[in-house]
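For the sequence shown, the UniProt record's numbering begins at 1 and goes up steadily by one.
Worth flagging that the hints you see were computed from the coordinates, not collected in a lab. Each hint should be verified, as a subset may be incorrect.
[What the hints assert, rightly or not] Here are the simulated distance ranges between beta carbons:
id: 1; residue 1: Val92; residue 2: Asp65; range: 30 to 40 angstroms
id: 2; residue 1: Ser8; residue 2: His57; range: 29 to 39 angstroms
id: 3; residue 1: Thr9; residue 2: Ala59; range: 25 to 35 angstroms
id: 4; residue 1: His6; residue 2: His54; range: 26 to 36 angstroms
id: 5; residue 1: Ser12; residue 2: Ala58; range: 33 to 43 angstroms
id: 6; residue 1: Ser37; residue 2: Gly71; range: 16 to 26 angstroms
id: 7; residue 1: His6; residue 2: Asn27; range: 14 to 24 angstroms
Even for Gly, the Cβ is constructed at its ideal location relative to N, Cα and C.
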Amino acid sequence: MGDSAHCSTHGSQPEAFVCQHILASLNTKWAVGFHWSAEDDGTTPDAWCSDCEHARHAAGDWSDDLIRQVGVALVCASCYRAAKDIWLSAHVSG
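I would like the entire structure built from these sequences, with the hints used as guidance.
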C-alpha cells in the first residue's frame, strides 16, 4: 500500500494527486474533465482536468514549469473518487 493522507472528512486514506481544478470541483461540483495516464495502473493514478490536458498537449508533455502551473494537490482516495464521480455523472448524462 502507498502513502496515506489525512483528510478532515474521510480520515486516514491512501493518497492521490490531482490538479488544482479537479480539487476545486469538489466544492463547485462542476465537471472539469478527468484525465490520467494509461501507463499508471494504480487505483488512484495522478489525474488532471481537460484544461490541463490541453496545456500538456500544447507543451508536448509534462515539464517542471507546467506541473507548477497545474497546481498539483494531495487528496485522499475518497475525495479522488468523489471528484471522478462528478466527471462520470456529467459525462454519462451529458
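Taking the hints in turn, this is what the structure says about them:
1. Taking 30 to 40 angstroms as the suggested C-beta distance range, the pair Val92 and Asp65 conforms, at roughly 35 angstroms.
2. Between Ser8 and His57 the CB atoms are about 35 angstroms apart, so this pair conforms to the stated range of 29 to 39 angstroms.
3. For the pair Thr9 and Ala59, the beta carbons lie near 34 angstroms from each other, so the given range of 25 to 35 angstroms is met.
4. Judged by the Cβ atoms, the range 26 to 36 angstroms given for His6 and His54 holds: they are separated by roughly 33 angstroms.
5. Checking the proposed 33 to 43 angstroms range against Ser12 and Ala58 shows it holds: the Cβ atoms sit about 38 angstroms from each other.
6. Distance hint check for Ser37 and Gly71: the Cβ-Cβ separation is about 18 angstroms, which falls inside the suggested range of 16 to 26 angstroms.
7. Between His6 and Asn27 the beta carbons are some 19 angstroms apart, a value that agrees with the proposed interval 14 to 24 angstroms.
In this structure, none of the earlier numbered hints is contradicted; all agree with it.
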